[in-house]
Amino acid sequence: MQRNEKTWLHAVFESPIDAQGALQKLTEYGFDSNDIEVRSSIPLEGLYPPDLHVRSHVPLMAVLGGIVGGICAFMLTSLTSQAYPMETGGMPIVPLPTTGVITFEGIAIGAILTTVATVLYECGLPFFRMKSGPLDHYLAEGQIIIAAFMRADEYSDWTSKAVATKRQGPHQAEHTP
Amino acid sequence: MTPGSMSREVPLFRPLTSWRPKLILGSLLAGAVAALLFYSWGYQIRNDIGVTGLNRPVFWGFYITNFVFWIGISHAGTLISAILRVTSAEWRRPVTRCAEAITVFALSIGGLFPLIHLGRPWLFWFMIPLPNYRGLWPNFRSPLVWDMMAIGTYLTGSILYLLLPMLPDLAILRDRHIADNPNSARARIYRFLALGWRGTAQQWHSLESGIRALAVIIIPVAVSVHTIVSWDFSMTRQPMWHSTIFGPYFVVGAIYSGIAVLMVAMYLLRRGMGLESYLNDKIFNNLGLLFLTFTLIWSYFTFAEHLTVWYGNEPSEMAVFTERISGQYAWIFWAMILLNVALPMLVLSFPLGRKPFFTAIVGVGVLIGMWIERFLIVVGTLSLPRLDFTVGTYQPSWTELGILVGSFGLFVLLYLIFIQIAPIVSIWEVREGEHHLGQVRPASEHPTVETT
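First to last, the sequence lines map onto chains B and E.
In terms of my numbering, the first sequence opens at residue 1 and continues consecutively.
In terms of my numbering, the second sequence opens at residue 178 and continues consecutively.
Treat the hints loosely; a few may be bogus.
Unchecked claim - Examples of chain E residues toward chain B, derived with CB under 8 Å: (1) Gly373; (2) Gly376; (3) Ser401.
Unchecked claim - Some chain B residues well away from chain E (every beta-carbon gap over 10 Å; in silico): (4) Tyr29; (5) Phe31; (6) Asp153.
I should point out that these hints are in silico values taken from the structure, not numbers from a laboratory.
All C-beta atoms in this analysis are idealised placements derived from N, C-alpha and C, irrespective of residue type, glycine included.
Take these sequences, add in the hints, and give me the full structure.
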């Protein structure tokens with residue numbers, strides 16, 4: 001079956017414990033980590049599919065950005081001072097202490113800009129064409145959304161299970177195959 | 178989230194979901210005062226810098242005093258917020274956003290003053306590292322160029338440090354407005370501002386890494402900014418400026434005045450927006466203790482600075498010192514000591530004095546005291562320079578007074594506009610704090626399901 005014939009099934013959970021349970025069930029039923037999405041209005045430690053690799057290169061990129069920023073700032077001060085050497089009365093044209101001040105600011109701005117750019121890149125932002133999900137307003141209320149990407153013929157089965165859960169309570173749901 | 182948490186958030190969303198007459202009236206009043214700045218500045222541009230009280234030898238008057246003052250105020254937010262984030266102080270959560278906003282607006286206003294002082298503000302680009310029409314580059318050996326670089330870095334960092342943690346809150350607002358009316362102007366605005374934030378595990382992980390990294394980077398930048406501002410003075414040979422402790426002295430003074438404005442802003446937000454449950458007595462008590470600590474540190478630096486001058490007994494320095502202690506500036510010097518040393522120590526040393534109202538009163542006093550301190554540093558020295566045949570006096574003109582008053586109006590206006598655009602308390606950070614404390618409903622509710 002083609003991927004575009006699949007659909008997302010969204011479910012809202014009040015607490016991380018509920019959401020963790022649902023996540024576990026989805027994993028047990030063989031859902032791939034790419035087909036499960038957990039969304040929340042706060043960061044929840046460990047609440048994502050076990051085989052999903054959540055990682056960030058922000059610290060490394062910040063260091064690299066700082067190095068590049070520092071080099072650029074140093075080049076700016078030293079090269080421009082030499083391009084039009086002013087009379088300094090025998091003092092160095094490129095004095096390291098004063099160049100150091102500009103270099104420091106270059107390091108900082110390089111690290112800041114790289115940090116923000118990396119965060120945006122890793123988050124896939126900006127994404128202005130993003131369409132809101134049907135239950136996104138629950139996120140605003142502090143609840144957790146788990147969405148599973150499944151085949152069209154599967155979701156009616158899953159929906160009925162979930163509706164059964166809703167009607168019969170969580171204990172019944174745990175025993176629902 | 179508990180129902181209690183939800184009802185606690187109501188005052189936060191109120192100015193973001195409907196027009197509040199009080200806020201609009203306040204914005205109009207602040208706008209009227211801010212207009213004074215632009216009118217006075219326009220008048221000065223039209224009639225030239227001669228309309229000010231600046232003269233030889235007092236080339237720096239109110240404008241540079243205001244510049245140092247507003248840059249100092251800007252240390253309220255980003256620096257304090259970053260320190261509290263790095264140290265994982267849990268009580269920081271409701272404070273960070275309102276503090277960070279102070280930084281951005283104070284820094285923007287502070288950055289205006291060198292332009293105003295230029296007289297011909299359209300020539301400011303001579304400071305930007307671009308060759309001008311004669312092929313000259315800025316002189317990177319000059320502390321004034323360092324200033325521009327440092328303030329530019331700090332402003333960029335502070336704006337990003339304010340905006341980045343705001344994304345999840347803007348997404349919350351987007352989702353709320355879309356649920357109410359997806360075609361409303363507010364829904365469209367927040368959809369744009371939230372940049373498509375969805376709150377996935379990867380997004381949260383990256384965002385938290387980014388905030389941590391920015392917090393670590395921004396602390397030395399903030400310290401560098403006011404150190405470099407102090408070097409504008411201490412790199413000269415002027416009496417009572419050429420001091421090795423000017424860097425840390427200015428940084429301490431900046432944080433001190435920053436905390437003062439934060440106390441005042443928090444008190445007004447608490448009263449005006451009904452945020453008592455967020456900006457509670459415990460936070461005022463904690464910040465009050467920090468305030469008291471900085472009172473002691475600032476007093477120590479002030480004493481050390483004056484003691485070495487007095488003990489050195491160098492004639493040109495003693496001339497400035499004597500004018501300050503017992504001469505024409507004595508009354509404002511002692512007023513400064515009263516406001517910056519005596520008042521905070523008397524009030525903040527007691528638990529009752531660290532209640533919101535009293536901390537706000539002390540905050541106002543310290544703000545006035547710190548402005549006086551900057552005035553004494555700038556004008557006190559320049560009116561009695563090392564070459565004593567150029568002794569002079571300084572009287573500010575109405576243009577300078579108008580710009581000073583207008584700058585406060587502009588600050589309040591920007592802050593009030595911000596309150597109507599973004600939550601002044603970081604919603605997700607507070608929710609996260611509640612989650613850590615276990616104030617979430619146990620797993621008993623049924624899930625809600627839908628397909629797309």
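Those earlier numbered hints the structure runs against, lowest number first
When the structure is compared with the hints, none of them turns out to be violated.
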